[in-house]
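Novice: Keeping their order, the protein sequence lines are chains A and B.
For what it's worth, my numbering labels the leading residue of the first sequence as 1, then goes sequentially.
For what it's worth, my numbering labels the leading residue of the second sequence as 1001, then goes sequentially.
Accuracy of the hints is not assured; some may be wrong.
In the DSS-like style, the derived pairs of lysine-lysine whose C-alpha atoms are separated by at most 30 Å in a straight line are [stated by the list, open to error]: (1) A:K41 <-> B:K1401; (2) B:K1084 <-> A:K11; (3) A:K37 <-> B:K1252; (4) A:K2 <-> A:K38; (5) B:K1057 <-> B:K1008; (6) B:K1084 <-> A:K14; (7) A:K2 <-> B:K1401.
Take a look, some chain B residues computed to stay more than 10 Å from chain A by CB distance [unchecked claim]: (8) D1006; (9) I1014; (10) K1028; (11) G1056; (12) D1133; (13) G1241; (14) R1268; (15) R1276; (16) V1282; (17) A1309; (18) R1369; (19) P1405; (20) L1406; (21) E1435; (22) G1465.
Think of the hints as simulated: they come from the structure by calculation, not from any bench.
Even for Gly, the Cβ is constructed at its ideal location relative to N, Cα and C.
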Amino acid sequence: MKNEEVTRIAKLAKIELTDEECGLLGRQFDDILDYIKKIDKLDLTGVEPACHPFEVKNVFRDDEPAESLGAAALTRLAPRHRSGMIEVPRIIEK
Amino acid sequence: MGWISDFKSRNSDIQSTIDTCLKTIALKDPELAAFVKVECDDSGRAASGAIASKSGKLRGVPIALKDNICVKGWEITCASRILKGYVAPYHATVVERLLSEGAVLIGRTNMDEFAFGSSCETSAYGPTRNPHDPSRAPGGSSGGSAAAVAADMVPVALGSDTGGSIRQPAAFCGVVGLKPTYGRVSRFGLVAFASSLDQIGPLTRSVEDAALVLEVIAGADRRDSTSADVPVDVYSKALGGPVKGLKIGIPKEFIGRGAEPAVEEGFRRCVELLAREGAEIVEVSLPHTEYAVSVYYVVAPCEASSNLARFDGVRYGRRDPAPRTLAELYERSRHDGFGTEAKRRIILGTYALSSGYYDAYYLKAMRVRRQMIREFNEVFKRVDLLATPTAPTGAFRIGEKTGDPLQMYLSDIFTISANLAGIPAVSIPSGVNAEGLPVGFQLMGRAFDESTLLKAAYAVEDKLGAAG
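Please put together the full structure from these sequences, using the hints given.
Specialist: What follows is the structure in structure tokens.
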């Protein structure tokens, strides 16, 4: 896989890569994708995809109030927080 | 007799048992690095909810947990820099269940970063070493749990298994490793890797211990909607029952696939023991299992790329110190926080899910997965269990496979199918290879029929032990 393609996908995955990492991953992806492509020779016409091992169904419960962890306990876990909110760099320019 | 029964029958002193564990860890762990952190204080009090209680199926039993299972108040890092300093705000369901039965939680064990790996070498803390030969890997990703049990640091550890991460390290370290049926054990409080494959299970020194721990941790949980509302058996009751008449299938696709001679030999010995006890051995075919590794390395990275999107430097753990924009915050925090294997899998998964490639990779892999599930269902109409080796070799050397990810992935060739099909599987020691390293025997069973699976594993363990 070419460096530009690795960089494009890494951008989608929101991961910065060094040039060195890019080159290494590109070469390894070629090997891995080659191996994966074994499945191309299978005839899968009419086969339903399985995203789970068993049939999964929605599980409903009654909508009853219950104790939860609370916002304060969770915002405290963020690397930067202020007044019960999580702080991030400015996203709207003046 | 298993460790837990023996401990109970001798009415052993809990405090001295904890002391022995902590002493063994202090003695052996500087070399083996099975633990990320010992969390329990000298008295064990800090880590036990019920140490003073009179009852409890696991009262006083020291248990170590893989560093991807939440214990309220403990740091949990998944052996990743990106979660450094993150303290779990709640208990995983398995932790609540262990504590309510009186278990003593000793500490957190090392693992491949986010369970991405088969050798424990992708850990941000550095590798764990195999107690049978410290120049070798303990397997992975639950390598710390396997090594801790094998080195007598704890009698029981929990791991998680997405493609063999309990069974392969169990085989490499010469212990028992059980992956329950998908949905048998709640995943609430387990950091998600691939949500359609992950299961928590025990690593122990005996099948009986694995059965006793499963009895405690299994069962439906309203906080995990994929946990199954299927009654939990008293698995330990099934042990010692006859295996006569059980039909055991040998999938021909798994035999002669380049496994080393000692692995094949151990496998045959176990199958012969079962036959001698009256089990009927039949050859079966599961043609699509040939594609299991291909399917897995699409499905697992795809699910991982989605699950790990939450580690973005905003809400947990590590954040880049001086990002200029929000995008830079994400990209740099993830660059610094994730190791190479995590990046490899997240990017691979993102690629396979991206526009233009989704049909060619993800959709196709899910179709092959359906075919595999169908084949397993068909085969289990004719047989009760399937027998294979656990891993193609004994433990490899640290560093031997890190340069070649595909070779590393292929070390899970025998274990991956059970995750894709959701069925339970267990690895037990089947002997040693020419280098004196343990090798493993794997049994797979019908969904939710852990009783039959453990009964057969127990019979093999018993007879193999008697044969010396």
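Novice: All the hints need checking, so say for each whether the structure fits it.
Specialist: To see whether the hints hold, each was checked on the structure:
no.: 1; hint: A:K41 <-> B:K1401; in the structure: holds, 28 Å
no.: 2; hint: B:K1084 <-> A:K11; in the structure: holds, 24 Å
no.: 3; hint: A:K37 <-> B:K1252; in the structure: holds, 23 Å
no.: 4; hint: A:K2 <-> A:K38; in the structure: holds, 21 Å
no.: 5; hint: B:K1057 <-> B:K1008; in the structure: holds, 9 Å
no.: 6; hint: B:K1084 <-> A:K14; in the structure: holds, 20 Å
no.: 7; hint: A:K2 <-> B:K1401; in the structure: holds, 24 Å
no.: 8; hint: D1006; in the structure: holds, 36 Å
no.: 9; hint: I1014; in the structure: holds, 31 Å
no.: 10; hint: K1028; in the structure: holds, 34 Å
no.: 11; hint: G1056; in the structure: holds, 25 Å
no.: 12; hint: D1133; in the structure: holds, 28 Å
no.: 13; hint: G1241; in the structure: holds, 27 Å
no.: 14; hint: R1268; in the structure: holds, 28 Å
no.: 15; hint: R1276; in the structure: holds, 33 Å
no.: 16; hint: V1282; in the structure: holds, 24 Å
no.: 17; hint: A1309; in the structure: violated, 8 Å
no.: 18; hint: R1369; in the structure: violated, 5 Å
no.: 19; hint: P1405; in the structure: violated, 5 Å
no.: 20; hint: L1406; in the structure: violated, 5 Å
no.: 21; hint: E1435; in the structure: holds, 28 Å
no.: 22; hint: G1465; in the structure: holds, 33 Å
Hint check: violations occur at hints 17, 18, 19 and 20; the rest are consistent with the structure.
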